[in-house]
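Asks: Residues per chain, in single letters:
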Amino acid sequence: MSLPEELLYSEEHEWIKKEGDQVRIGITDFAQAELGDIVFVELPEVGDELEADEPFGSVESVKTVSELYAPLSGKVVEVNEELEDNPEYVNESPYENAWMVVLEPADDSEFDDLLSAEQYAAVIDED
Amino acid sequence: MSDLKRTPLFPEYEKLGAKTIDFGGWDLPVQFTSIKQEHQITRTKAGLFDVSHMGEIVVQGDKSLDFLQKMTTNDVAKLTPGRAHYTFMCYENGGVVDDFLIYMISENNYFLVVNAANTDKDYEWLNKHNDYEDADVSITNVTADYVQLALQGPRAENILQTMTDTNLREIKFFRFNDQVKFAGITETAIVSRTGYTGEDGFEIYISKSSGRDLWTAVLKAGKNQGLEPIGLGARDTLRFEANLALYGQELSQDITPIEAGLSFAVKVNKEADFIGKTVLKDQVENGPNRKSVNIEMIDKGIPRHGYEVFKGEENIGFVTSGTQSPTLEKNIGMALVKSEFAQEGTELYVQVRKRTLKAVVVKSPFYKREK
Chain A
8 MSLPEELLYS EEHEWIKKEG DQVRIGITDF AQAELGDIVF VELPEVGDEL
58 EADEPFGSVE SVKTVSELYA PLSGKVVEVN EELEDNPEYV NESPYENAWM
108 VVLEPADDSE FDDLLSAEQY AAVIDED
Chain B
274 MSDLKRTPLF PEYEKLGAKT IDFGGWDLPV QFTSIKQEHQ ITRTKAGLFD
324 VSHMGEIVVQ GDKSLDFLQK MTTNDVAKLT PGRAHYTFMC YENGGVVDDF
374 LIYMISENNY FLVVNAANTD KDYEWLNKHN DYEDADVSIT NVTADYVQLA
424 LQGPRAENIL QTMTDTNLRE IKFFRFNDQV KFAGITETAI VSRTGYTGED
474 GFEIYISKSS GRDLWTAVLK AGKNQGLEPI GLGARDTLRF EANLALYGQE
524 LSQDITPIEA GLSFAVKVNK EADFIGKTVL KDQVENGPNR KSVNIEMIDK
574 GIPRHGYEVF KGEENIGFVT SGTQSPTLEK NIGMALVKSE FAQEGTELYV
624 QVRKRTLKAV VVKSPFYKRE K
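Going down the list, the sequences are from chains A and B.
Going by the numbering used here, the first residue of the first sequence is number 8, and it counts up by one from there.
Going by the numbering used here, the first residue of the second sequence is number 274, and it counts up by one from there.
For reference, chain A alone in the conformation it holds in the complex:
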């Protein structure tokens, strides 16, 4: 189970990478392993405003649909279009090729609710 130290995490199994004023978001290695073969990814559009804890898209495995919950509020500035044709990236490369969106966070105080790698490890241990 890969859990890069330099990333932040949400309890809904997303990772968040700070890149200057923006954040890049995807789902964790733990999440992809739980879901199994991902066959479809539905993402928002550039310009959409996301609200923290609200669904902003979904990933579908062969068996089920899982909602993606926004770890932070903010405006979508980039979407990974490659996932449309290559949903398997989510399984193969959850932290690199399968990034999902880049956000401009709207409220810096929301970062306080995110987890460190260590804290997230404790969350998945409970599951």
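The calculated lysine-lysine pairs, modelled on PhoX-like cross-linking and capped at a C-alpha distance of 25 Å, are: (1) B:Lys343 to B:Lys401; (2) B:Lys292 to A:Lys70; (3) B:Lys318 to A:Lys70; (4) B:Lys292 to B:Lys318; (5) B:Lys278 to A:Lys70; (6) B:Lys288 to A:Lys70.
Some chain B residues judged to face chain A by a derived CB distance under 7 Å, without partners named: (7) Ile308; (8) Ile575; (9) Gln597.
Keep in mind that the hints were calculated from the coordinates and are not lab data.
Owing to the predicted nature of the structure, the values given are computational and were not obtained by experimental measurement.
A virtual CB, placed ideally from N, CA and C, is assigned to each residue, including glycine.
Given chain A, put chain B in place with the hints provided.
Replies: Below, chain B alone, put in the same frame as chain A:
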């Protein structure tokens, strides 16, 4: 997790690293490695499934034929020892109590293989309608006595043949041998050429005391042929591509076998009256109001069980099963729709969560193996 039932093979799939889930109260493997990979292995080589959660009910006695003729839709009089058939047990309104196989072991001795989640309901339903003396019709739930394995795929016969002197070629489709002896296995087994994947293969019933030995022996015998253990996730995608109905989705107490397109197992002209006959006969003769159709998505999205189907503003039905087909790599589904929209080529819309996506009715089955 401790409340979940386990089959005798649970320790074996734990060893193999299976991911298990709660499946109708049973702790069963959903996958061993990956659903897509396991699906492909079964289509091209062979897969071994533990389906011991399936229920087995024995119906015996001098009046067992009469009783089963009353309880089920297929014509039990057509069975002979060594043959099995697919059938339904219905309510008066034509809705389905369960769909299952009946094996005729010998005269007045039938072996019913029913859906796991329906076993208790079936047993009670059968007993409730048994007006015969015990000596004439006895009904026994023997589920706990058996391990059931399914060996499916183009290499299934070759693999199983290395383990027995019984000539498996002689077991034709929907026939069985109930005295098959496997090398190194204490008990004999019932082996039928049946399955739930759309591939050639066998279902094997053996006393639970020999179950683990048989599982291990089959895996070993098939190792150099690419045989792998397969979970319920792939079992579902395999049966779905082959258009094999799943109780709770294509069939239910609110959906008749005729609506589901399975009239081949409903013999409305058999002499005996059976429960549900009036409604089912009317649907056969006049056509049902709803029909099960295969759909393929035109817009991007995956149809799922329960999603509503529209034509313009009109709600015309719902999706019964759907996924991305691992074999066809298309987003496909089965839907129960008003009969006027069931023709091939009809365009309709599936409500996929917030989006309304275009789909088209296509022919059935999605997948048929090359013989």
